[in-house]
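**Q** Chains as they are written, first to last, in this note's numbering: chain G, 1 to 462; chain A, 1001 to 1307; chain L, 2001 to 2308.
Among these hints, one or two may not hold up.
Stated by the list, open to error - Simulated pairs of lysine-lysine, DSS-like, Cα-Cα distance not exceeding 27 Å:
(1) K168/G <-> K147/G
(2) K271/G <-> K2168/L
(3) K117/G <-> K2065/L
(4) K403/G <-> K327/G
(5) K276/G <-> K168/G
(6) K117/G <-> K92/G
(7) K2065/L <-> K262/G
(8) K410/G <-> K168/G
(9) K2065/L <-> K276/G
(10) K262/G <-> K276/G
(11) K262/G <-> K117/G
(12) K327/G <-> K410/G
(13) K168/G <-> K403/G
(14) K117/G <-> K2196/L
(15) K117/G <-> K147/G
(16) K2065/L <-> K147/G
(17) K168/G <-> K262/G
(18) K2065/L <-> K2168/L
What the hints contain is simulated information worked out from the structure, not anything from laboratory work.
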Amino acid sequence: MKKTPLYFTFVLALLMLLAACQPQVITETVEVEVTRVVTETETVVEEVEVVKEVEVEKVVETEVEVEKIVEVNPVVFNSYSSDPVVRAFEEKMVAAYSDANPNSPVQHTIVNHEDFKQAIRAYLVAEPAPDVLTWFAGNRARFFIDKGQILPISDVWEEEGWNEDFPKGFRAMSEVDGEVYFLPTSWYWWAIFYRTDIFEEYGITPPETWDELIAACETLDGAGLIPITIGTKFRWTAAAWFDYLNMRINGPQFHIDLMLGKESYTDPRVKEVFVKWTELFDANCFIDDAAAYSWQEAVDPLNQGDAAMYLMGQFVMDPIADEIEDKIDFFQFPIIDPSVPIGEDAPTDGFFIAANAANPEGAKELLGYMGSLEAQTLMVEEMGRLPTHNGVDSSLFTPQQQKGIELINKADMVVQFFDRDTTPEMADVGMNGMMAFWDDPTQIDAILEELEAARLEIFGEE
Amino acid sequence: MASINPPKPERKGLTTGQWLMVLFLLVFTLVYMLPFLGAIVTAFRTPDDISLNGFWSIPREITFRNFPEAIQRGGVSRFLLNSFIITIPALIGTIILSSLSAYALARHRFAGNKFIYFMYVAGTMLPFQILLLPVFLLSNNLCVQEAYELGQFVLNVPFVDAKVCLYNSYLGVIMIHIAFQMGFCTFVLRNFMRSIPGEIMDAARIDGANEFGIYWRIVMPLTLPGIAAVSTLEFTWIFNDYIWALILLSDGRKFPVTQGLSGLQGQFTTDWPLITAGALVATLPTLVVFFALQRYFIGGLTLGGVK
Amino acid sequence: MAIAEKPKLNKQKVNRAPYYFILPPLVIYLVWIIGPVFYTFYLSMTDWDGISPNAEFIGLENFQKLFGSIGSVLPSAFEYSLYNNLVWLLVFITVPTAIGLGLAILLNQGLPGERLFKVGIFLPQVLSFAVIALIWSWVYNPRAGILNEILLMFGWPEDNLPGWLADKQLAIWAVIFAAAWRQIGYIMILYVAGLKNVPPTLMEAAEVDGATPWQRFWRITFPLLAPVTTIVIVISVIDSLRSFDLVQIMTRGGPANSTSVLANLMYIQAFNNYKFGLGAATAVVLFGISLVFIIVYLWRVMQDELEY
Chain G
1 MKKTPLYFTF VLALLMLLAA CQPQVITETV EVEVTRVVTE TETVVEEVEV VKEVEVEKVV
61 ETEVEVEKIV EVNPVVFNSY SSDPVVRAFE EKMVAAYSDA NPNSPVQHTI VNHEDFKQAI
121 RAYLVAEPAP DVLTWFAGNR ARFFIDKGQI LPISDVWEEE GWNEDFPKGF RAMSEVDGEV
181 YFLPTSWYWW AIFYRTDIFE EYGITPPETW DELIAACETL DGAGLIPITI GTKFRWTAAA
241 WFDYLNMRIN GPQFHIDLML GKESYTDPRV KEVFVKWTEL FDANCFIDDA AAYSWQEAVD
301 PLNQGDAAMY LMGQFVMDPI ADEIEDKIDF FQFPIIDPSV PIGEDAPTDG FFIAANAANP
361 EGAKELLGYM GSLEAQTLMV EEMGRLPTHN GVDSSLFTPQ QQKGIELINK ADMVVQFFDR
421 DTTPEMADVG MNGMMAFWDD PTQIDAILEE LEAARLEIFG EE
Chain A
1001 MASINPPKPE RKGLTTGQWL MVLFLLVFTL VYMLPFLGAI VTAFRTPDDI SLNGFWSIPR
1061 EITFRNFPEA IQRGGVSRFL LNSFIITIPA LIGTIILSSL SAYALARHRF AGNKFIYFMY
1121 VAGTMLPFQI LLLPVFLLSN NLCVQEAYEL GQFVLNVPFV DAKVCLYNSY LGVIMIHIAF
1181 QMGFCTFVLR NFMRSIPGEI MDAARIDGAN EFGIYWRIVM PLTLPGIAAV STLEFTWIFN
1241 DYIWALILLS DGRKFPVTQG LSGLQGQFTT DWPLITAGAL VATLPTLVVF FALQRYFIGG
1301 LTLGGVK
Chain L
2001 MAIAEKPKLN KQKVNRAPYY FILPPLVIYL VWIIGPVFYT FYLSMTDWDG ISPNAEFIGL
2061 ENFQKLFGSI GSVLPSAFEY SLYNNLVWLL VFITVPTAIG LGLAILLNQG LPGERLFKVG
2121 IFLPQVLSFA VIALIWSWVY NPRAGILNEI LLMFGWPEDN LPGWLADKQL AIWAVIFAAA
2181 WRQIGYIMIL YVAGLKNVPP TLMEAAEVDG ATPWQRFWRI TFPLLAPVTT IVIVISVIDS
2241 LRSFDLVQIM TRGGPANSTS VLANLMYIQA FNNYKFGLGA ATAVVLFGIS LVFIIVYLWR
2301 VMQDELEY
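Looking at chain G on its own, in the form it has when it is part of the complex (with noise of 0.2 Å):
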């Protein structure tokens, strides 16, 4: 009995030095920092004594205020990219500004992507908030810049020379009432993905027309593969499809103004796309159980030989395996109706600097570092994403990154994606619509009309 308290004593004591004994440890890091700046102050000082010995107060005083130019001023700089590839990028790049500007290093935050989506509404409204963001270029920028979240930066393209350097594109979409706001550093083409190797078993060309796709599908869910691969457990997989089938049965114009609210979900051409798309059930196209995995975890079995294609951004080329990287290419999304103009998603990915930045000078060389010429073609080698600076050597491209841009050339017009063409809760309602489709595509006409009323809704309050 009397044991008791004094065991307890004795472990609450433990744990009490284990905390003490943090943030010693915390500083660590920290102190690395410290000390260069100490050696710093130390060298200028003994400047400053040289050039003049006179009274021991004023050196003091002297010895204050070069420690305050000296001081250490980080750039927070929050960002989205948890994927392995572009994670290695985002770092070497950091690394790189940080060594060459000792006075402002960054103070890098990668945040899990999906949550990253959410959370980025408390950064933005947080005093101060992180200086400079990862982000979506198009209407997912506006939203923010709409609500004067987002620090405008013309004079950064200005002085940058992005005016020139970037084609005029990048700026158009960036801008709003004459003012920029966002920096594009990297774009993408999305196609459909699928194993070479298994194509060529099968004697399947890559297919060009709808039929041909229906067929591809067929011959290899004959052969007990897995046709095609997605993971739909964050949604936004399944908005490449219906962004496709839009695009291509009532061209790309009706799509964007569908997502601008302009047109309405109950029209008889979007119902079009879903019955178009339950053809693609019929023929038992798609991965069983797509709900069960992220984007990917759908890409395993296309590694491990079971599954052919994969609709999907360039970025799906991350988690293949090096083994089998020479053995995935990929074709554009078939034509449905040749008559239809052809739309391409090709999203853009950029960084802003936020409204309530602590450091927005910091911030504004970070983000001038970060649409340079050299960071640029650093994410090309290292990222294989498509520059947006015009001046990136363009030998440095591999083969499949000229034929995605020679894709996106050929398109009469190019959208961002589902979710960044149209508002947040539009693409939320849209992409759970697209979801219990998914799960009974019976029930086309009670989606449509709830996507209608919400389009109604959303729209109208504009």
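We have chain G; now place chains A and L onto it with these hints.
**A** Chains A and L alone, transformed into the frame defined by chain G:
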């Protein structure tokens, strides 16, 4: 004092029925632990082995690289440290503040006693989601201007002369944990303190002890089993928090291990052994706390939590 | 069990000491808990987007919108969430409680290896939701998960394996099951402790009187365990209202909202769709559900208090 040590049974021969029960329990426990055992095994495997043969196959290859890898490259040690920086002060704060009010509520009659007590009791079942938005706003608006010293020391914010807010500080997360856990803790401790015989306190009062002295030197030591009990529970609750850290922190260097794991999943997407190893390391502290305090855990909670 | 006595009072003068004890915690509680609760009530009646300085007061419109969405051809996210929350609560206060109690009784008989069984069954409780979500995602993985492997072993047709988390009907049960897995051991431990307080003499007496084991359980053990049952139910309610993490990591509310719970819906509305007002209204509905339990529980506690 209650403990989970059963009275040592006299080992007579077991009846058939008892043997069946043991058999049932054995099978049940094994099946029950299967997912957990699977995770432990996975942490020692290689990703290639898993992608070729599946999660639940017999391992062909055993490796120890996952643990150091997760701790160093995945930064699990750093996240773990943050979890402690948040959990330990939050736990201590919760216990001290709750025991203060528990003492007053249990041992004094004053206007509003019952009302305050019921408020805490009601708070125990409050869904924390209802607080999410306001607490975010609150943390974002409780700021100190020019808080260099404070910023350096308490909040670990490196920049000078900046406005420092509770948002994105350890303190902000700690405060909401303290406040939120106070209801349950006060409730348990108050009931526990009520069971302490009043004569001890009266004797101390006659000896000239003041109220704080009675609280600190007499009531608190006697309440230790109860405190140990709620501590284990609170430790797991606070340590395993995910959402408050997500909403109240933006600086990755302050993320607790729950957030870190989520990042790990992004970083190593399909390197399951590595992720599992990180997850197991992250679980270790709660395991240690539980086994260290388990003796007090049960007795304390039932004695105080229910009367 | 309570040896509590009436607090000794000093009636000569107003004793200010208790207020010194009560005040510091109370201030924190009011600022961080009570204040925010009321603020959420206020927000739920606005159309605030989380950024704009001004929010318009729109009365009960948000609630009308939420409840108005019930009963459409396709269940709305709110309908799913409300339903799932209620199912979760009901399952949580019954099934794990019953299993935990059953195990506790089995483990209270001095069988060999008891301690090991207890530890083994309790272990999941210390795991964080993130780890539990991770582990169970593999168990449920339709392609390589152990559940489907076992089904295959028993001759389940390969092309008809359940999708578990991908199956709209099964998913919520799969998530609740994972949550219950964590809960059962904890409840078992509480009951084991409670059973220690059931005097063996009472049972022996009943046995002598010819009571069957079943009668002994319902007439003696269970009533004596009532205090433990109360705390078990309180903790079950607390934990089931905290279901956020598991859903967030395992399914994100999918497929097609079928595993959405009010907490996740609120989070999506506020932080993804930028409808803080609607999110707050959802939180208020969640509060309403827990209020039922709070009132029942408070009533119980009050009954006890009035005995003094």
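**Q** Decide, hint by hint, whether the structure agrees.
**A** Here's how the hints hold up against the structure:
With a C-alpha separation of about 25 Å, the suggested pairing of K168/G with K147/G holds against the 27 Å cut-off. Taking the CA atoms of K271/G and K2168/L, the gap is about 23 Å. The hint holds against a cut of 27 Å. A distance of roughly 25 Å separates the Cα atoms of K117/G and K2065/L; the hinted pair therefore holds under the 27 Å criterion. Only pairs whose Cα atoms come within 27 Å are accepted, and K403/G paired with K327/G is accepted, the gap being roughly 16 Å.
About 36 Å separates the Cα atoms of K276/G and K168/G, which puts this hinted pair outside 27 Å; it is violated. Distance restraint check for K117/G and K92/G: the Cα-Cα separation of roughly 23 Å lies within the 27 Å cut-off, and the hinted pair is therefore satisfied. In summary, the hint linking K2065/L to K262/G is supported, as the alpha carbons are separated by about 23 Å, within the 27 Å threshold. Our distance criterion of 27 Å between C-alpha atoms is met by K410/G and K168/G, whose separation comes to about 18 Å.
Straight-line distance between C-alpha atoms of K2065/L and K276/G comes to about 33 Å, which puts the hinted pair past the 27 Å bound. At roughly 23 Å between alpha-carbon atoms, K262/G and K276/G fall within 27 Å of each other, so this suggested pair holds. Under the criterion of a C-alpha separation no larger than 27 Å, the hint pairing K262/G with K117/G is consistent with the structure, at around 26 Å. Between K327/G and K410/G, the direct Cα distance comes to roughly 25 Å. Compliance with the 27 Å bound is thereby established for this hinted pair.
With a C-alpha separation of about 22 Å, the suggested pair K168/G and K403/G falls inside the 27 Å cut-off, and the hint holds. Taking the CA atoms of K117/G and K2196/L, the gap is near 51 Å; set against the 27 Å cutoff, the hint is violated. Taking the CA atoms of K117/G and K147/G, the gap is near 17 Å; set against the 27 Å cutoff, the hint holds. Distance hint between K2065/L and K147/G is fulfilled; the C-alpha atoms sit about 25 Å from each other, no more than 27 Å.
With a CA separation close to 26 Å, the supplied pair K168/G and K262/G stays within the 27 Å bound. Note on K2065/L and K2168/L: the hinted pairing holds, with a Cα-Cα distance of about 24 Å set against a maximum of 27 Å.
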